[in-house]
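**Q** Quick mapping for you: the protein sequence lines, in order, are chains C, L, U, W, A, F, Z and R. The first sequence begins at 1 in our numbering and counts up one residue at a time. The second sequence begins at 1001 in our numbering and counts up one residue at a time. The third sequence begins at 2001 in our numbering and counts up one residue at a time. The fourth sequence begins at 3001 in our numbering and counts up one residue at a time. The fifth sequence begins at 4001 in our numbering and counts up one residue at a time. The sixth sequence begins at 5001 in our numbering and counts up one residue at a time. The seventh sequence begins at 6001 in our numbering and counts up one residue at a time. The eighth sequence begins at 7001 in our numbering and counts up one residue at a time.
It is worth saying that the hints were derived from the structure and are not from the lab. No residue lacks a Cβ here, since even glycine has one placed at the ideal position from N, Cα and C. There are no misleading hints in this set.
Pulled a few chain C residues facing chain L out of the computed Cβ check, cut under 8 Å:
| id | residue |
| --- | --- |
| 1 | 196 |
| 2 | 221 |
| 3 | 228 |
| 4 | 230 |
| 5 | 231 |
| 6 | 240 |
| 7 | 244 |
| 8 | 245 |
| 9 | 248 |
One-letter residues, chain by chain:
There are 8 protein chains.
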Amino acid sequence: MDMLDSLRELLAGVKAGDLDVEAGLARLRDLPYLELGHTKIDLHRSLRNGFPEVVYAAGKTPEQVAEIFTRMGEHSHVLATRVSAEMACHVQAACPGVVYNPLGRTLTSVKGEIAWREGEIAIVTAGTSDLPVAEEARVTCEMFGSRAVVVSDVGVAGIHRLFDRLHTLRQARVIIVVAGMEGALASVIGGLVPQPIVAVPTSVGYGAALSGFTALCGMLTSCASGVTVVNIDNGFGAACAACKINNLFP
Amino acid sequence: MDMLDSLRELLAGVKAGDLDVEAGLARLRDLPYLELGHTKIDLHRSLRNGFPEVVYAAGKTPEQVAEIFTRMGEHSHVLATRVSAEMACHVQAACPGVVYNPLGRTLTSVKGEIAWREGEIAIVTAGTSDLPVAEEARVTCEMFGSRAVVVSDVGVAGIHRLFDRLHTLRQARVIIVVAGMEGALASVIGGLVPQPIVAVPTSVGYGAALSGFTALCGMLTSCASGVTVVNIDNGFGAACAACKINNLFP
Amino acid sequence: MDMLDSLRELLAGVKAGDLDVEAGLARLRDLPYLELGHTKIDLHRSLRNGFPEVVYAAGKTPEQVAEIFTRMGEHSHVLATRVSAEMACHVQAACPGVVYNPLGRTLTSVKGEIAWREGEIAIVTAGTSDLPVAEEARVTCEMFGSRAVVVSDVGVAGIHRLFDRLHTLRQARVIIVVAGMEGALASVIGGLVPQPIVAVPTSVGYGAALSGFTALCGMLTSCASGVTVVNIDNGFGAACAACKINNLFP
Amino acid sequence: MDMLDSLRELLAGVKAGDLDVEAGLARLRDLPYLELGHTKIDLHRSLRNGFPEVVYAAGKTPEQVAEIFTRMGEHSHVLATRVSAEMACHVQAACPGVVYNPLGRTLTSVKGEIAWREGEIAIVTAGTSDLPVAEEARVTCEMFGSRAVVVSDVGVAGIHRLFDRLHTLRQARVIIVVAGMEGALASVIGGLVPQPIVAVPTSVGYGAALSGFTALCGMLTSCASGVTVVNIDNGFGAACAACKINNLFP
Amino acid sequence: MDMLDSLRELLAGVKAGDLDVEAGLARLRDLPYLELGHTKIDLHRSLRNGFPEVVYAAGKTPEQVAEIFTRMGEHSHVLATRVSAEMACHVQAACPGVVYNPLGRTLTSVKGEIAWREGEIAIVTAGTSDLPVAEEARVTCEMFGSRAVVVSDVGVAGIHRLFDRLHTLRQARVIIVVAGMEGALASVIGGLVPQPIVAVPTSVGYGAALSGFTALCGMLTSCASGVTVVNIDNGFGAACAACKINNLFP
Amino acid sequence: MDMLDSLRELLAGVKAGDLDVEAGLARLRDLPYLELGHTKIDLHRSLRNGFPEVVYAAGKTPEQVAEIFTRMGEHSHVLATRVSAEMACHVQAACPGVVYNPLGRTLTSVKGEIAWREGEIAIVTAGTSDLPVAEEARVTCEMFGSRAVVVSDVGVAGIHRLFDRLHTLRQARVIIVVAGMEGALASVIGGLVPQPIVAVPTSVGYGAALSGFTALCGMLTSCASGVTVVNIDNGFGAACAACKINNLFP
Amino acid sequence: MDMLDSLRELLAGVKAGDLDVEAGLARLRDLPYLELGHTKIDLHRSLRNGFPEVVYAAGKTPEQVAEIFTRMGEHSHVLATRVSAEMACHVQAACPGVVYNPLGRTLTSVKGEIAWREGEIAIVTAGTSDLPVAEEARVTCEMFGSRAVVVSDVGVAGIHRLFDRLHTLRQARVIIVVAGMEGALASVIGGLVPQPIVAVPTSVGYGAALSGFTALCGMLTSCASGVTVVNIDNGFGAACAACKINNLFP
Amino acid sequence: MDMLDSLRELLAGVKAGDLDVEAGLARLRDLPYLELGHTKIDLHRSLRNGFPEVVYAAGKTPEQVAEIFTRMGEHSHVLATRVSAEMACHVQAACPGVVYNPLGRTLTSVKGEIAWREGEIAIVTAGTSDLPVAEEARVTCEMFGSRAVVVSDVGVAGIHRLFDRLHTLRQARVIIVVAGMEGALASVIGGLVPQPIVAVPTSVGYGAALSGFTALCGMLTSCASGVTVVNIDNGFGAACAACKINNLFP
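Bound-form chain C, shown alone:
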């Protein structure tokens, strides 16, 4: 229901006397929330399509994160990213069903079952040290209902390894490319397959790797057109973008 429709209905109700002025005023204050609001919308969305709330745990206390899992876990799946092992211990003690993924540093709580969508997301890494970022992306995809497959260690220095996995990449609906150092893998894959590609630069490397900015800028200037990029080490954001694409399908 569109906002103008909502307003038209409300005014008709006031005119008809079904709503008095103060009640209409209260509804007018609330209406944007039905369209735009945070907490309420999020619960509705969760009941409707299985999307969980997401908690960025860095900079929160274990108590805060545990409380979020307790309260939200009654209504929906819950996903937290950037969770240290210490914080995970604390939260798991308070919320028994919560699962910790030490490689991807995620905490997850599934309410009922995940409603799987069709369409697979391929997550490709250049090296083994890119795996934590890929794992964060994989867990996020699955919590959002999209199946994901990780293809690791197919970096440009031994490009034949990639060619052997092209079949897998070509079956995916969206491809997430995770690479540090010079980030060349995004360009190479972008020149080989037609799917949407979301590139994640990683902070792997030293010196001129510039904590990931060389890979970031390299991906942004990729000679393969149509590659889009997210923040350094942001596996979660790449998964969000990939799932937004996959969610376009019914």
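Dock chains L, U, W, A, F, Z and R against chain C, hints included.
**A** Here is chains L, U, W, A, F, Z and R on its own, set in the frame of chain C:
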């Protein structure tokens, strides 16, 4: 047809004597081109789905660009970006049917008709000075077969203007957000709609706008998750990414 | 009393014999201190308008800070910023009445009562991780005699939350906006209200957030004109600026 | 009149039958514009308090700027910044009463008279090459109804020149400090006077002056607390901030 | 002949009376020049192995460059880089036999014949806009006596084109890789062939290409080990390095 | 054996019936690996020319590194770089014959004997704090079969020390120059000797040394032409490049 | 005469009736100017020690510079730096005796004769393209009364040329080193001679030369201790610093 | 004695038979060391003018530093900078007479007595957190024979404190200014006194202070001409430069 299938067929042909060794050798050399090659693939792709070759005109001579339009224009649509008015004059003199868009600085030549796909792409700009980048994106979308609508001047300083156009944004399959200065529009739209968003930072602004890097980094760190980003002023790249998504649909 | 008035009075006194030459010389040496001097001025100012001395504790020893609280606390309020929990323990052991605020990392000692001014300062944060900076600002405002209200977690990703608090913002005399990542909140608020806005970028975020420089540059290039900016994480400085504005009123 | 008051009045009118549903709907669509909208608000604000529309001329065509002066000039004052001499010629030919300030590169058109407020703004420059930025600030202040006085060439290399003008600075309600190179003047003035200070770094200098970023960062880290900063060379923005403070007074 | 040998011979000559003290003194002053000196050494080296003097023309006047060609051309080959068309006209008018290469912006004068060495240098470019840098490298190689072959437009976006030319690359003694944007070609080639690779980043690209620094840093952090790098657009330097390697062979 | 030769042989075998179609298919899948593949190629190369596998230990677990040494050590030499003392203890406990070099932070395991090549590589350092990088380079050279000599502490501040060692430098086939701070040593040596020079900037220094970027950029802009550069502190990469040159000789 | 002495004398005069109060007040206002003031001090200084006023012409109009030469030229020497040929023409037309140095881009007017001091300043350049900066330094030294000798083109790539000129350097009281690219010459000279060294980085070079910042940072991190540095291309500033040292001598 | 004189004498000796060829050869090898050599020269210089060897302790082991103090301490004063408390303990245990300064982090060993020169060096700091750098400078000055006086906490925020100490500054031969944040103090002092000024930026501050680079660039672009600058936190280097100036006097 997959590469292994091609190889199996080829080997069977050699075994059967349908292909002698040297011919098979030539086919083996050529096969990757059928899968991966540049010029040939591009022609095939153009005949199959109306996708044009794209010419990055900056750094090429007018003669080179005119020759590309002449030769390619017989087989497919042709799109050139970053074309100055002077170069456009030269190419149009040589190739009469070529169209110049001075705002978006594109040259286009359509072979037959564009095969329109379903699914619209919305291109939103923060200010009027972002329009050239938006226009480059719009022309690219259309040359790739996706209809695009431009919603301009709905920047964050007068955010109510955006709210009035949300209806339009919600009807699009993908949204391209074009903004300079602090680039906040991508975050605001990302918080309001569920579609995939491709953000294009522009070099509009001075001083701390850092020639577009402030918008670029702002979009990469957007608090609205799932926003992906392309290079500064790269309307063409954003359109490629958006069309790759739209092309997922039959 | 103006410096020229002071000099005129002094010279008249010397001419009249009320001051001999050496005493006049001493007064001349001291006069600038009455106008410009550090320790003395600060005490006078404190007695006159309740403004405390401010101690930047980072890089000082606990002993030094304790000594400052002991000596200054007899004459005026005292405020120290960037105080670690360890330093706070040490100072509180030496100076019993001193209060530690662990969120804002401030130590305060109030001499008598705070002389409250009219005019409220609103401190708005984009996210919960911006709260330590907001709290430093809030404590500073109050030690300077201005009441402050904190409105937290109204960032751009869920912009309706902000609209619900506009009433509060519109009642404030000055608004401090505290935001990390892309810092878009300053632009959005700057487009909605007429008051002076002091923006504080925070170091919240990673990668392209550039330790707060993306928010800093984004705020400096805000499309909402009239936003002014202080250093990254500098809640104290923003409060100083806001109080300087509030102090313009009698 | 507050937004809730407006809504209450509107609903009462619909209930009473003074407004039918579609008319109420139209008013509801417009209401946010009365509070938040761009063009309309600006006209209302201009009629109410003499504030002009402001046009950032860089990146606009002379025709566009002339049209804005023609259309807006009927209703309100008009101010355009960053206007080249060529553009000014064009606009003045089309709009006879428009005034060009070549130093500050502003175009102005005054509708009726400027409604002067009490409270003066002092604009201080470190050197003569900072004058264009100061002049942009001065014209902006005056178009917004605040009188401004420029104190030029009192930079730190000859600091006694500043001391002679302290009397003038102390009479102002707000002080704008314009300085390039190392930008030290903001710190020195911030240590001498109690008023709000808005610092404008300029791009004056070469090499390590970093096109104004050294002054920008120097002002942001000023040892004099409470100095706020705007973008490099942004005299207009500093004037907006200063006038927002002056406008707090009736 | 080693420096100690030279000194021993000289001292023996003085002892024997073949050299008087002042003549020995003059020789001692000159000796380092025979080993280390600029002008003299260069002439000797040129007569010995055909190596030309090299003139960096940027920042020199046409008169200076013409004089160098006139004077040096009598003794050796001469090579000048970064020569504008205007300067070339001037020099060619003064020195009839000098050849201008407008693509590589070089001026060359060959004294007698080039003494060709065995061993070929392959110069590979990612795109056509990298050709000027490749041409500067090619001319430099040839003036230094090494034959060079240019393989252009085999960038990563269409990687099969590279595979077709691997045979050529594998025949070279050294490979120079010239690429802009993300510079991925150096990594891909470095993973495929065993020869020494000298990578030249180019300033091709915009925005996040950072005027060649993205390619520079990408090449420095190449996941293919053993790639070495020269300055942005420095085709001359890459050729020097490649020829130093080729010159190791007799 | 070249790839085309391999294919020709394979096709002839299929035609002759020596290989059936599926076996040929498997060989075709494997063939690139024989030329380009990761694990297999490395074993073959090791058996053929004594080149070891190289493990970048940073970001790997001690268990992973120990497993690599156990498995690879049966077939070839093994070299690991960036190995902490703790990791070394763990690996040595699991693999008794492995040698740890605490200065160069390398772990090495030699299978049989190193097959020494002719041709020495000189590794020159500016200061004693550059020694760890030089040692990493030295160990790498030796594991790759090239003898290396380290000449340390001949930096520019006492340039006569260098002159005394020129004899040693002139006997080397390739020279690796390791220097931090301003990195001037590469320019000085590049002006004195004709050999290929690979420069390694180090992160020695503070402040304006910019963690090695000042040395990096200084070496890239060296006034001595033909100097090539690798990443900061990348002694391993410099050794790879030097050995690639030395390996050109039979 | 010290400031306290001045004040004591003044007060005694007022007490004695030699000065009435208002006259004393005027003297008190002026006194700081006698110590610190700009215009007056400069004239006095010029009469006393031959030091000229210095005009930074960049950003001034030809009319302003001509006026300064006309007015100041009556009292003292005048020096202007960064003067274009066009501005020089204009000023020379208005002020006949003014001399233009096109290499150093200075305008000078000598009042009477220069009072030469003892002690020579050596100005050393790495290359010929550094000469404009060296010439600006030379002219400035001479206008300040210190003789200067320029030793050019003794850069590190041919270091023996420097050794031949050490005799000249060792006779100077202060050495100014002017170098671009990697700026290594400052370190080499700093290791060879005991005098104070003022290093001037120049913007000579491209790419990784970073417009002079590589030389700047290289000089700041010089391994030869005691080298001090001024801004990029700031020959004037280096000469000021050198003359301040030379002026310490009677 | 000049190098040419040395050579002339040597040759005459060989001619006369006072030196045979091999002895002359040895002398020729050694001569440069007498002029330029590191270890020998340093000992000679120490015996001649009391200058100590200087050890940069960062990156050295306690054992190495202790050995240097033991060996060098027999011949000369010894100074080590950047010494941690742990290293100091170790060295003092091995070398009983060595003195540790914990504020300046220096270790010193005085051989006999310091030979004091005339001429004082003033070291001025902006704040108390700049004191460690000032103390490193003070100790260095004294070990080099120049007396130094520290004037602390006279920063720009309370500029009257500086004016009270001008008398002290004016008595010094050279002034070292130590300041962090915006580094304005160097400009203010440079405008008030005629002596040579060596400015040391410090890493005091956060955010836009950029770890000292804002102060560094501010000092380099100081509007007070003739200020020279050393690396961030480099109190040792500033003292070296100041002593080189003071050493010009007999």
